[in-house]
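Asker: Each chain, letter by letter, is given below.
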Amino acid sequence: MKTKKRRKGDASFAYALLSPSLLLMTLLIGYPMIYNIVISFQKVPLNPRLGSEFIGLKNYLSVFRDPTFYHSVLITLLFTMTVTILSTVLGLAVAVFLNREFVGKKLVNGIIILSYVVPSVCLIFSWRYMFNSIYGIVNYVVVDLLHITKEVPLWFDRPVSAFVLVTIFCLWRFFPYAYMSFNAILTSIDKTLYEAADLDGASPWESFMAVTFPAIKPTLVTVVSLRTIWVFYIYTEVYLLTKQVDVLGVYLYDMAFATHDFGKAAAISIVLFALIFALVLFIRRKVLVVEDE
Amino acid sequence: MNKKLVTMLAIACVMSVPVTAKADPVKIQFMHQQVEQERQEVVQTIIDEFQAEYPDIEVEQIPVNEDDYDSKIVALGGSGTLPAIVEYSQDQAKTSVANQFTSLSAVQEVVDAVGVDNYYEGSLEVVKTEDGAGFVGVPLCGWVQGIWVNTAMLEEKGFEVPTTWDDVVAIAEAFYDPDNKMYGISLPTSESAFTEQVFSQFAISNGANIFDADKNVTINTPEMKEAVEFYRTLAGYSMPGSTEVADVKDAFVSQRAPMCMYSTYILNAVREAGFAEKLALALPTKKEPAAYGCITVLGIAEGMSEEETSAAVTFVKYLMDPAHNIEWLNMAPGGVQPVLKAVSDDPAFTELEARTAFKELNDDIAVAVENLQLFGVVDGKNFMEMGDITNTGIISKMMNNVIVQQADVDAELATAQSAVEGLLQ
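Protein chains in written order, with our numbering: chain C, 180 to 472; chain B, 12 to 436.
Please keep in mind that the hints were generated in silico from the structure rather than gathered at the bench. Ideal placement from N, C-alpha and C gives every residue a C-beta, glycine not left out. All clues given are correct.
The list that follows gives simulated cross-link-like pairs (lysine-lysine, BS3-like), each with its CA atoms no further than 30 angstroms apart:
hint : chain 1 : residue 1 : chain 2 : residue 2
1    : B       : 298       : B       : 370
2    : B       : 370       : B       : 352
3    : B       : 38        : B       : 83
4    : B       : 192       : C       : 329
5    : B       : 83        : C       : 237
6    : C       : 329       : B       : 168
7    : C       : 222       : B       : 392
8    : B       : 328       : B       : 38
9    : B       : 83        : C       : 222
10   : B       : 168       : B       : 260
11   : B       : 226       : C       : 237
12   : C       : 396       : C       : 285
13   : C       : 329       : B       : 260
14   : B       : 139       : C       : 222
15   : B       : 83        : B       : 139
16   : B       : 226       : C       : 222
Pair ranges (Cβ atoms, derived):
hint : chain 1 : residue 1 : chain 2 : residue 2 : range
17   : B       : 46        : C       : 192       : 47 to 53 angstroms
18   : B       : 204       : C       : 234       : 25 to 31 angstroms
19   : B       : 177       : C       : 250       : 40 to 46 angstroms
20   : C       : 292       : B       : 359       : 52 to 58 angstroms
21   : B       : 357       : C       : 232       : 48 to 54 angstroms
Residues from chain B that face chain C, not an exhaustive set, calculated with beta carbons under 8 angstroms:
hint : residue
22   : 91
23   : 110
24   : 111
25   : 192
26   : 202
27   : 251
Just need the whole structure built from these sequences, with the hints factored in.
Answerer: As structure tokens, then:
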């Protein structure tokens, strides 16, 4: 009886201590989320004095009736999967390869993370200059030097080549994040485990699966989850490089923000939230097989 | 005791006299995009001079970066805290009027005080309200866009400055030599507002517009089709692919093309490239000449107290005085142009060192401001939905599809027509 009372008292005390954080979270996360849901059912004017109008499911229906929305969803899923998988694999491969001592390791580390720390807009405009039809180095090599084509290829104007180039750009830009995450965890693995695997006659692949993979799996789950979310909502890199890759971030901007239709923007963002939530859950449960604790 | 009380009351009365006699100045804020330190200093000088003349008004400047400007207007307007005076582009001003952020009566008061006849007609025409009865802001300055011509290059092949569509095509054809990276004209073809702006000049010069006077959508018309096909022909002599602002400017400034479609903001680059004296400005002309341009206006906020509105009106009138207007224009010589006729001939404007190289162009630029025409402005009506049409990129997408993606003109015109009709619904 006494213990039960004490437990109840402890719980109340714990809640009292947590209450400032809970209040802050409710204000900073809960309120905007609820407000977003509310305005997704409204036609919202820019001027607050004019008042919002309840329009039911109209915002959602206009999204679901738009064929370009489904096209954007497919492009985004393909783009997200490609970039997430390739950037994670590349980051992991480089981290494993460089997981040893050698002269100039810090310099190599610095060079690798360069594309991640330089502002996106600088990199994007560098790429655009590289592919410029008059001055671009790529076209100079392809057309003037090697004479592979007679006319300048329209790299960012054709959907397939634009998709491939934006994917390569994002790979180059994002793989250092995976590299840094895996590099940190790889340095903490006890080297004797590899020696033991070696003594047991394990091949490099078996050694990777038996020692490295279990150690990096929690980091892998985090990297894949975060990268999936970030790439799913990508806007700047795609929009500034090409208009031929219709990802959802661009769709959201074109359909809602360009016309200041905040109600529709809220509806799209909720649909996207549901999609990304399902996608991350699917990856964690089915692909990376993470058990709930 | 009574004596003490009376004395204290007397002292209190004496001390309170100066406080009640001198009222606090009316404080207003002025939001603008002149973020560079030297420009802020110019704005502050104008404010200081104004405050010396009107000590009962206090103006605080709020410079905001161009990139954040739209979101700032939306955020401040949305929270009901928009500054008393806001510098807008004509499109931002339309959005603000549509959302009732701007006091149309206060704007009208200033325009009337300045005098409608003292403005270039084109600059007022494009900032009219939808019903044509008022103005979305007080025109302060502007920039215009047309065909910039390198006359030295033209002379080499025996051409003169073009005056018709056919002239433009003939020159472009004569100079087009892509193997040697030479082009006939540089113009935009990307999915961007710039493409729509440039194309609008050709369409309007052929009598085509997005709406008719009754607000019917008129994209799918023979005039518009002719303009689209002409632009496609012209783009065939330009650089390949989707070209944007930097591509167009670079090609002309590096003299890889004798003509380009650009705004007056090209003037400084041309001066630095060393052929300022060989520059001419032409306007696309078929049925009529048409210049595109952007008029910067000052909006006065709705919902302020009478004193604040009056103070804002007084300050905007002060800025529109030719002497102070020139101070504003001289902040960025080359790019921004006057909207007041009196300013164009004023030596304080024309004799500025950075501007003397283009003295010969002043008349051409004035003609362009006079002939300013925009998509969505028809018979004195300025349809506010044009801003949304531009923002959603319907017209530039149509142009890019026709030119770069080689889509069928008729199909694209029909698609754009129904897209705009859908947007209006």
